[in-house]
Each structure stands twice: as C-alpha cells, then as structure tokens.
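Use these hints to put chain E onto chain P, whose structure you have.
Residue numbers (the working numbering), protein chains in the order written: chain P, 5 to 322; chain E, 2 to 329.
Since the hints were made in silico from the structure, they are not lab data.
None of the hints are false.
Calculated pairs, DSSO-like style, for lysine-lysine (alpha carbon to alpha carbon, straight line, at most 30 Å):
hint	chain 1	residue 1	chain 2	residue 2
1	P	Lys224	P	Lys130
2	E	Lys66	P	Lys130
3	P	Lys234	P	Lys130
4	E	Lys134	P	Lys282
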Amino acid sequence: MGRYVLRRLGSALVTLWLLATIVFLVVSVLPQNIGRRVLGPFALEEDVVRFNHTHGLDRPLISQYFSQMRRLFTLQFGDSYQTGRTVNSMVFPALLRSGKLALLAFVITIPISIAAGIYAARRQDKFADRAVVTTGLATSSIPEFVTAAVLMSIFCVHWKLGHVYAASWPDGTSIIGQLPYLLTPAMAMVVAYFGYITRMSRAGVIYGLQSDYARTATMKGLSKGEVMRKHILRNALAPTITVISVQIGYLFGGIIGVEKVFNYPGLGRTILDAVNTKDIPVLQGAVLVVGMIYMVSTLLADVIIAYLNPRVRLETTR
Amino acid sequence: MSDSDETRARDELISTPGADMLVPNPMNSMVGGSKPPAAEVELSGEVQLSERQQARRENWRLIRKRPAFVLGVFIVVLWSTCAILGDRITPHNPLDFRAEPHLTPRAKFPFGTDDQGRDVLSRVMAGSRDVIKVAPVAAVLGVILGVFVGMIMGYFGRWIDLVLGRVVEAFLALPVLLVALLAVTTLGNSTWVVIGVVAALFTPIVARTVRSAVLAERDLDYVTSAKLRGEGSTFVMFREILPNVSGPIIVELTVRVGYAVFTVATLAFLGAGPQAPSPDWGLQVSDGFRVVSAGIWWTTFFPALAIASLVIAVNLIADSVQSVLEAS
Numbered sequence: 005m006g007r008y009v010l011r012r013l014g015s016a017l018v019t020l021w022l023l024a025t026i027v028f029l030v031v032s033v034l035p036q037n038i039g040r041r042v043l044g045p046f047a048l049e050e051d052v053v054r055f056n057h058t059h060g061l062d063r064p065l066i067s068q069y070f071s072q073m074r075r076l077f078t079l080q081f082g083d084s085y086q087t088g089r090t091v092n093s094m095v096f097p098a099l100l101r102s103g104k105l106a107l108l109a110f111v112i113t114i115p116i117s118i119a120a121g122i123y124a125a126r127r128q129d130k131f132a133d134r135a136v137v138t139t140g141l142a143t144s145s146i147p148e149f150v151t152a153a154v155l156m157s158i159f160c161v162h163w164k165l166g167h168v169y170a171a172s173w174p175d176g177t178s179i180i181g182q183l184p185y186l187l188t189p190a191m192a193m194v195v196a197y198f199g200y201i202t203r204m205s206r207a208g209v210i211y212g213l214q215s216d217y218a219r220t221a222t223m224k225g226l227s228k229g230e231v232m233r234k235h236i237l238r239n240a241l242a243p244t245i246t247v248i249s250v251q252i253g254y255l256f257g258g259i260i261g262v263e264k265v266f267n268y269p270g271l272g273r274t275i276l277d278a279v280n281t282k283d284i285p286v287l288q289g290a291v292l293v294v295g296m297i298y299m300v301s302t303l304l305a306d307v308i309i310a311y312l313n314p315r316v317r318l319e320t321t322r
Numbered sequence: 002m003s004d005s006d007e008t009r010a011r012d013e014l015i016s017t018p019g020a021d022m023l024v025p026n027p028m029n030s031m032v033g034g035s036k037p038p039a040a041e042v043e044l045s046g047e048v049q050l051s052e053r054q055q056a057r058r059e060n061w062r063l064i065r066k067r068p069a070f071v072l073g074v075f076i077v078v079l080w081s082t083c084a085i086l087g088d089r090i091t092p093h094n095p096l097d098f099r100a101e102p103h104l105t106p107r108a109k110f111p112f113g114t115d116d117q118g119r120d121v122l123s124r125v126m127a128g129s130r131d132v133i134k135v136a137p138v139a140a141v142l143g144v145i146l147g148v149f150v151g152m153i154m155g156y157f158g159r160w161i162d163l164v165l166g167r168v169v170e171a172f173l174a175l176p177v178l179l180v181a182l183l184a185v186t187t188l189g190n191s192t193w194v195v196i197g198v199v200a201a202l203f204t205p206i207v208a209r210t211v212r213s214a215v216l217a218e219r220d221l222d223y224v225t226s227a228k229l230r231g232e233g234s235t236f237v238m239f240r241e242i243l244p245n246v247s248g249p250i251i252v253e254l255t256v257r258v259g260y261a262v263f264t265v266a267t268l269a270f271l272g273a274g275p276q277a278p279s280p281d282w283g284l285q286v287s288d289g290f291r292v293v294s295a296g297i298w299w300t301t302f303f304p305a306l307a308i309a310s311l312v313i314a315v316n317l318i319a320d321s322v323q324s325v326l327e328a329s
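This is chain P alone, in the form it adopts within the complex (with noise of 0.2 Å):
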C-alpha cells in the first residue's frame, strides 16, 4: 500500500510540473508586451518598460520560466500586479470561502446521488429509471450559472426563501447560522453535478446486481438489504469515488459562475477581479491551487480505491 501511493504521488508531481508548465505557456508562448496589455493602449511607453522591469518580464523567458518554477514548489505565487499584496493572501481566503460553498454542495449532493443511483438501478429500465436518468442528463449539462439565475429568481424573489446576497449575514453569524444564505448557491451546484454521480453509482449498481457474488449472495440466503450494503455497495462505489474526485476539480470552474450570480466573495470573484484588472499572477496562482486541489482529490479518490479493493493495489505495484 505504502508503495502504491509514493508511485501515485510521484506521477502527480510530475504532472503538477507539466500543468505549470503548460500555464506558463499560456501566458508567454505569443511574442507580446505583457506591460502594455496590463496597463492599456493609453499608457507612455516609459511606464510600459517601467512595470514590464519592475516584474521581471523583461528578463529571458527561460529565466522567468525558472523563477515561476521555483515559486510553484514554494508555494508562494508571486505579488498581484495591482494590489501590491502577495498572491496567497488574496487567493487563499477566497478559497477557503468557495470550499465552504463546495462542500455544503457536495454534502448534499452525494447521499442524494448514490440513492438515485441505487433506486434508478433497481427499476431498470422503467420509467422511474428513464426519468431519473434522463433528468441527470439535461441539469448536469445546463451551466452552473444559468441554474442559479432560475433558481434565484425562483427561490429568492418569487418566493422569498431564500438570499439573493448569499454573504449577506451579520458578522459573527455561526457556520449554522450561515448555512440558509448559503443554500441557494449550494442547490445551484448540486443540480449541475447530481446527474453524474448518478449515473455513475447507477451503473456501479446494476454491474453489481448482475453478477456472480451477488447471486451467490442471495442463495446463500442474505436478505436484499443486506446483498446491497455488504457487497455491491462497495464494489459499485469505486467508480463513483473516481468521479467525485474529478468533479472536484470542474467544480471550481463552474463555482465562478455561481458565485458571480449570488454576489459571494469566493475565489470566482477573486478571479473575475483579476480578470477585470489584468491581474495575470493571481490568475495563474488559482489556476494552479485548483489545478493542485484536483491532482490531491484524484490521488485521494484513488488511495481509497486501492484500500477498498486489493485487486486494484496488488496490480499496479506490480
């Protein structure tokens, strides 16, 4: 086991090194004066040069390259272009703000999503299963921040049950206390990514059903609850552990949207500040946390995959 994951971990570093790159690129791979785009049309050339000296950007790219690297695996981002501020303390809050909408999502999310699986599963084909299926199909594909602009309208003023400023609470409210602002949002979510885990647990369920351990299972006589719980849950669970985990990572894309529309102070709206501002460092800093927080949930998913089933464990260490 403790050699699978070092293996695991040492691919990710080395994708991690990959991702850095590639984010490099994006910025550096076109000839252009990162200077003038920051500063506009309008700017004199001599604080063009000026900004362009005072950030590095006039240096080799392959020394930038380097610099960036070392950054990378300090951990340390840089300083914004135009706050002054290092790029962690402003990213990281937000962060930490978005990962509390995330997870109240996702809390909600995956119960509701095995129990439709597993229903869905048991009535194949039925209609119930078809409605299901289909439903997942069509909310998961509409974007986050079209769901929450219906749902805000919806929920927060025809009906008045929710907040259309989901940050709104007095200061000092409790996490309990937070949870009714924060519930719109968090449904937004969990209708764009419910149909995945769905259909994800759905089939990991009617695998299971139609095969020989289960059968074995129920003529060795253990009742239907039990045959779900002891056997094919746990085997019907690792591919929707898989894409849990990579869910993760699209979440904090479509999480911007969301945010935008409920006016939260999360990393989406530290990104759209920065894309507004032309705040490159603090872009490529989140681009990159959330690039990490993918890499670390995808290896999680896959540790606990390997401890839930040998066979997955034995054969890659081989």
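Just chain E now, kept in the frame of chain P:
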C-alpha cells in the same frame, strides 16, 4: 447553417428509393460487418465501401427513429434559423429598437423589455448567433487536433505514447474555465482566442478516446497486411485505421459540441466573449441578473432558458448518437 444542410443531405441520401432495400432485415448484423475478411478486400475495394455505407445508413436509420434525437435536432434547427436570419425575422430590431425600459411581459413584448427598452424576445432570437457560430468551430477544431494526437499515441505507442500521455494527464488537471479566462486576459478578447483555447483544452480529452480506440485496431489483420503491402505510417493511420474508429470519433464530436456550447456560454457570462451591445445570451444574463432581486426576472430568465434549451438539445443528439453507435 452547415448543421441543417448536412442533416438534409443525409436525410435525402437515406430516403432515396431503394436505399432501405439494401438492408433487408433492420436488425441483422450488417452493422458489425464493417470489417470484411481480408480476402474480400483484395477481390474488390468496392465491396468494403458498400458494406460500410450500408452499416452507416442502418445506424442513421436507427438514430433518426429516436424521439430524443428528433427533438434535439428540432431545437438546434430552430436556433440555427434564428442565428442565420437574425434581425430579418425578429419582431423588433435587437439593437436599436427602443420602448419603455423594464416593461413586464405582455402581448406586444412577450418576453418584456430590458433596461434600455429593447425587446427581450428579439434579443433572445438574435443572441443565438455567437454561440452557434463559435461552439461548433471550437469543437470541430478540438476533435481534429485530438484525432491527430490520439492517432499518433495509439499507433506508435512506446515512448511517444508515454510522453504525450503525461502531457494529456496534465491538461486534464487544468480547470477549463479558469485557463480560458487566463488566456483571454493575456491574449485578448477575440472570438479566435476563445475558439483556440476551447479547442486546445478539448484536444487531450479527444486524444485519450481516440488512443484507446486505435489501440484496439492496431494489431488487427488489415493493419498488418497494409504494413506488409509497404504502406507508409500516414496512409495506414488515416486511410486504414481512421475509417474503422469513426464511430467513437463521431460520438466524441457530438459530446464535445455540447461542452463547447456550455463553455462558450459561461465564458460570455463571465465577460470573456462578445461585448455590449451584442445580444449574446450569456452577456444578456450577465447584464440582467443584478436586477432580479428587484423583481425584474424576465431579462435574465429568458436568455438563461435559451442557453439551457440549446445545451440540452445538443446533449439529446449526442446521447442518441452515442447509444446507437456504441450498441453496434
């Protein structure tokens, strides 16, 4: 435009008298016969062609019978018509017309008017243009690049596959929307930047699918015999293998168009796309959502619904194509 034309051309092909007669039993295994035995190929290249054509026609017939596909095509054709004809069919001019601002939906303005008194219905109709232009181009470009990369990975294998595989994995870890925002910020707000970024981010996803399809074909007899005939790698990859992996590629293309609509619409909402006074859907939602709290929901709701309908329609098409092609 090309969407509806293509569909019509195919429909005509399929409904030609006698075309259906070629396939006497609709459920027979012609579909699986896309790879004839090597002997037959040597006798005449035409046999192979017509069998493959038959299989394609059969698949098309099955796809067309699905209600989900018909509904999806109907919605896509509807929005494409709006995109092509634009202000020639909108009740009012989407950009210049002025009435009272923020009128509630009523007989004269079924979707109400926006903050500048423009007719929301006209703007929703005209606003399909940007998405319908940009998303398919980005998807097609991404698929072409992805087929190229995936073909090379699968066919050559070894270290090329290993190195490219790592790069693909790194790309998959990138949050698509975030990288697109970063690129638009540094490279500018043009349509081509959006197309290029979306295509580049789709390339590795397509490449992974194509690679695994090619791996399954690489060691089959027809590939070996082509190599023994002395054909070059390019010929074997694109004239021998490519036609046999066209199924997964078509599926991937339809799925990618759906994701492209999703991504382009979201980017427009986030400000990385068409700018005012364009009637683009994402931009309209972005302009409208701030006044929803004041009870003015129609300037946000209708363009949002339009985005949802187009994305769902494309996904219905993709899902129908996928279930038929993967069953065969």
